[in-house]
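Could you put the whole structure together from the sequences, leaning on the hints where they help?
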Amino acid sequence: MNQLDKELLRIKNKVEEMWDLVDFQLQSGRDALVNPNEDLTRKIIKSGKKVNAYDIKIDRMCENIFALFNPVAVDLRWVLSILKINSNLERIGDSGESIAHMLKEASLPIEPTLLQESRVLEMYDATTAMLQNVRQAFLEENTDLARQVIKQDKILNKIHAKTDKMLMNYFQSHPDNIAQSLKVSGIIKKLERIGDHTTNIAEEIVFYVDAKVVKHKQKKKKKDKGEE
Amino acid sequence: MSFGSNPSSNKSKRLSQSIAFFIFRLLSFAVVAILIVILGFILVRGISVISWDFLTEAPREGMTEGGIFPAIVGTLCLVAGSMLFAFPIGILSGIYINEYAKDSWFKRFVKLMTNNLAGIPSIVFGLFGMALFVHQFGFGDSILAGSLTLGLLALPVVIRTTEESLKAIDNSFRIGSLALGATKWQTTSRVVLPMAFPNIITGLILSIGRVSGETAPILFTVAAYFLPKLPTSIFDQVMALPYHLYVISTSGTNIEASRAMAYGTAFVLIVIVLVANLLANWLRRYFGNKVKMH
Amino acid sequence: MNSIETKDVHLYYGDFHALKGITMAMKKNQVTAFIGPSGCGKSTYLRCFNRMNDLIDGVRIEGDILIDGTDIYKSDIQVDDLRKHVGMVFQKPNPFPKSIFENVAYGLRVNGTKDKKFIEERVERSLKQAALWDEVKDKLKKSAFELSGGQQQRLCIARALAIEPSVLLMDEPTSALDPLSTAKTEELIHQLKENYTIVIVTHNMQQAGRVSDYTAFFYLGELVEYAKTKTLFTNPKDQRTQNYITGRFG
Numbered sequence: 001m002n003q004l005d006k007e008l009l010r011i012k013n014k015v016e017e018m019w020d021l022v023d024f025q026l027q028s029g030r031d032a033l034v035n036p037n038e039d040l041t042r043k044i045i046k047s048g049k050k051v052n053a054y055d056i057k058i059d060r061m062c063e064n065i066f067a068l069f070n071p072v073a074v075d076l077r078w079v080l081s082i083l084k085i086n087s088n089l090e091r092i093g094d095s096g097e098s099i100a101h102m103l104k105e106a107s108l109p110i111e112p113t114l115l116q117e118s119r120v121l122e123m124y125d126a127t128t129a130m131l132q133n134v135r136q137a138f139l140e141e142n143t144d145l146a147r148q149v150i151k152q153d154k155i156l157n158k159i160h161a162k163t164d165k166m167l168m169n170y171f172q173s174h175p176d177n178i179a180q181s182l183k184v185s186g187i188i189k190k191l192e193r194i195g196d197h198t199t200n201i202a203e204e205i206v207f208y209v210d211a212k213v214v215k216h217k218q219k220k221k222k223k224d225k226g227e228e
Numbered sequence: 229m230s231f232g233s234n235p236s237s238n239k240s241k242r243l244s245q246s247i248a249f250f251i252f253r254l255l256s257f258a259v260v261a262i263l264i265v266i267l268g269f270i271l272v273r274g275i276s277v278i279s280w281d282f283l284t285e286a287p288r289e290g291m292t293e294g295g296i297f298p299a300i301v302g303t304l305c306l307v308a309g310s311m312l313f314a315f316p317i318g319i320l321s322g323i324y325i326n327e328y329a330k331d332s333w334f335k336r337f338v339k340l341m342t343n344n345l346a347g348i349p350s351i352v353f354g355l356f357g358m359a360l361f362v363h364q365f366g367f368g369d370s371i372l373a374g375s376l377t378l379g380l381l382a383l384p385v386v387i388r389t390t391e392e393s394l395k396a397i398d399n400s401f402r403i404g405s406l407a408l409g410a411t412k413w414q415t416t417s418r419v420v421l422p423m424a425f426p427n428i429i430t431g432l433i434l435s436i437g438r439v440s441g442e443t444a445p446i447l448f449t450v451a452a453y454f455l456p457k458l459p460t461s462i463f464d465q466v467m468a469l470p471y472h473l474y475v476i477s478t479s480g481t482n483i484e485a486s487r488a489m490a491y492g493t494a495f496v497l498i499v500i501v502l503v504a505n506l507l508a509n510w511l512r513r514y515f516g517n518k519v520k521m522h
Numbered sequence: 523m524n525s526i527e528t529k530d531v532h533l534y535y536g537d538f539h540a541l542k543g544i545t546m547a548m549k550k551n552q553v554t555a556f557i558g559p560s561g562c563g564k565s566t567y568l569r570c571f572n573r574m575n576d577l578i579d580g581v582r583i584e585g586d587i588l589i590d591g592t593d594i595y596k597s598d599i600q601v602d603d604l605r606k607h608v609g610m611v612f613q614k615p616n617p618f619p620k621s622i623f624e625n626v627a628y629g630l631r632v633n634g635t636k637d638k639k640f641i642e643e644r645v646e647r648s649l650k651q652a653a654l655w656d657e658v659k660d661k662l663k664k665s666a667f668e669l670s671g672g673q674q675q676r677l678c679i680a681r682a683l684a685i686e687p688s689v690l691l692m693d694e695p696t697s698a699l700d701p702l703s704t705a706k707t708e709e710l711i712h713q714l715k716e717n718y719t720i721v722i723v724t725h726n727m728q729q730a731g732r733v734s735d736y737t738a739f740f741y742l743g744e745l746v747e748y749a750k751t752k753t754l755f756t757n758p759k760d761q762r763t764q765n766y767i768t769g770r771f772g
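Protein chains in written order, with my numbering: chain B, 1 to 228; chain E, 229 to 522; chain V, 523 to 772.
Treat the hints with caution; some may be incorrect.
[What the hints assert, rightly or not] Take a look, some chain E residues computed to stay more than 12 Å from chain V by CB distance:
1. 240
2. 259
3. 260
4. 368
5. 401
6. 407
7. 441
8. 511
[Claimed, not checked] With a cut-off of at most 20 Å between alpha-carbon atoms, the simulated SDA-like pairs for lysine to any residue come out as follows:
9. 650/V with 1/B
10. 6/B with 551/V
11. 330/E with 578/V
No lab work stands behind these hints, which were simulated from the structure alone. Owing to the predicted nature of the structure, the values given are computational and were not obtained by experimental measurement. Idealized CB from N, CA, C, for every residue including glycine.
Printed below as a string of structure tokens:
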């Protein structure tokens, strides 16, 4: 193993540690939503700071790789995608932290009908699965799995698209619980963003493994279809 | 733009090149031809007298009969004596000049003097040898005086050969050795000299060839006109091949009668020089391989 | 801990002022790289550490150079002892016209080692350290000239390691090698720093980035900037360093 490989491995390990934190934030958010737990929310918020530290550290490590090793070909694509994976992970962490703040301010527990109709837990499960799949795709350099993750995002978008309508209905039937429903709406929005960031990570994996650009492709396809 | 767009200029260019090459080749052949003619001429004229007796007997009948054995022995003695004197001094000076002396006026002076020494006509060496060794030191006409004189003649060649052979060794080898904590002498003796050895030995043997053919330096210091007995000490006079050749072709008792003897003597002399040169060639290859392998 | 320390070192070639007051310290078991344009004094400075400049007529050195705490220009220092302590590898591989074995054994022999077994063991160990053993173990008696350029350079490294120096100086060790041999040599440098303090002069800035922990930038006989390699290559303090490493010089 040459020196560059060693340095790249060090970065990979750092990214995994960061990933653990982000995973923790996401999953604990769901736990705290179902079983209110102030300690847990505080912990989530605290790990946000750690995630930011990892973000800076990984950026710096990539900068050194560029400056000292002049990576080319797959190494170059790898470091480029790590930079983006890093910033996407950091934003997922941010979203997780925001959700924790919302939970702190909300009056818990969430009213069962709201929990049921908003499909927020379903969304949670989908994002968690996506994030885990994309991590596996990253570790195994598995582009098929990464491409599946990109497709999985559609479920999130579907649920998210229906949120406004659902809330309107809910307001009408529960005019006394507007505060809670606004929080849930906020959480859903954050989860939808997390799904987008996860998709971006999946696209970066395809980029560095296959040297193919898949981002922005779907919209184009839709447009083409529309024109037909 | 295409090739050969200006055929006339190309033609004259090629023609002049062909002519030049033709002339060079012709001249090279001419040199070889001259050498072959000389060797052939002497061989044809001299081969008839070459016999075992010619090589092992002393001259008789006013040097018109018999052989040249004393002259062969004398020449070998003189060559050996002169090399005994010139090799150690010359090699050590060469090493000193190239390896040890700093670039000072003294080094430049020594080099200048060596070069001047090489340019002095050999008859002047003969005269000097007579004055110093024969008379001043009282060696008389002797192998010792003759060897020293011939040695002086060979000295600049030996010094120059050694110096040039050492100079040809890339400095990186010396620096590599010194950087490993070797002293200057260890570097010279273990790395530089073994590498320079094949070239030095070649130069030395070529100088033997030179010395064995010299007449002028031995004229006044050792050579005997006619001395059929062999030397018993270094203070004896001897005959020598080049001088013997001179004597029987110019001032012998019967020049016409000894003509064939003269060519035979010349032939033996040339063979000695050729053998020395071939030996030099062979030794260089032999040691050259050895140095590479070990 | 510092292995090499210099204080206000000035060097003159006759009237030419080649090094202008260099003060710096090189850490033990680290790789320090010297970079800078040709004629900036980096090689000259390197050759001060094993007194190779002594071989050049008309060189004058002022200031203090301490290696592992000893002033190497003190009058009672034996140069050959110093050079056992401070090994050197050169730009062009320069094995001796001897066998592979004898090349490595040379440094031991000139330093008076006679014990055959000891020499054999040390030769093997040095060749292993230089990552050459597997390639030459069956032909130790063969001429060193039969090796490829990259192997010859690793042989020269093994030769330097055999006398167990504490400091290894490398003067553009890969400039005569092909990319693959260069990569191998660089890998070797990474491994060697566990046991040796390494100072390397290089024309190749990427190489300095790849192999060194600290980098010093020299310009016109001055030490312009000396910092951790990461820092120097990502955020140089001096504009001249910035210009040089970005290729915008002059």
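Structure-based check of each hint:
No Cβ of chain V comes within 12 Å of the Cβ of residue 240/E; the nearest lies about 44 Å off, and the non-interface call holds. Listed as outside the interface, residue 259/E is consistent with that label: its C-beta sits roughly 34 Å from the nearest C-beta of chain V, beyond the 12 Å cut-off. Taking the minimum C-beta to C-beta distance to chain V, about 34 Å, the non-interface status of residue 260/E holds against the 12 Å cut. Chain V leaves residue 368/E outside its interface by the beta-carbon criterion, the shortest separation being 48 Å against a cut-off of 12 Å.
Residue 401/E, annotated as away from the interface, has a beta carbon of chain V within 12 Å; the closest lies near 6 Å. The beta carbon of residue 407/E is not kept farther than 12 Å from every beta carbon of chain V, the shortest such distance being approximately 4 Å. The non-interface label for residue 441/E is consistent with chain V: the shortest C-beta to C-beta separation is roughly 35 Å, beyond 12 Å. Non-interface status of residue 511/E relative to chain V is upheld: no Cβ of that chain comes within 12 Å, the nearest being about 17 Å off.
Annotation: proposed proximity of residue 650/V to residue 1/B holds, straight-line Cα distance about 18 Å (limit 20 Å). For a cut-off of 20 Å, the pair hint linking residue 6/B to residue 551/V stands: about 19 Å separates their Cα positions. In summary, the hint linking residue 330/E to residue 578/V is supported, as the alpha carbons are separated by about 10 Å, within the 20 Å threshold.
Consistency note: the structure conflicts with the earlier hints numbered 5, 6.
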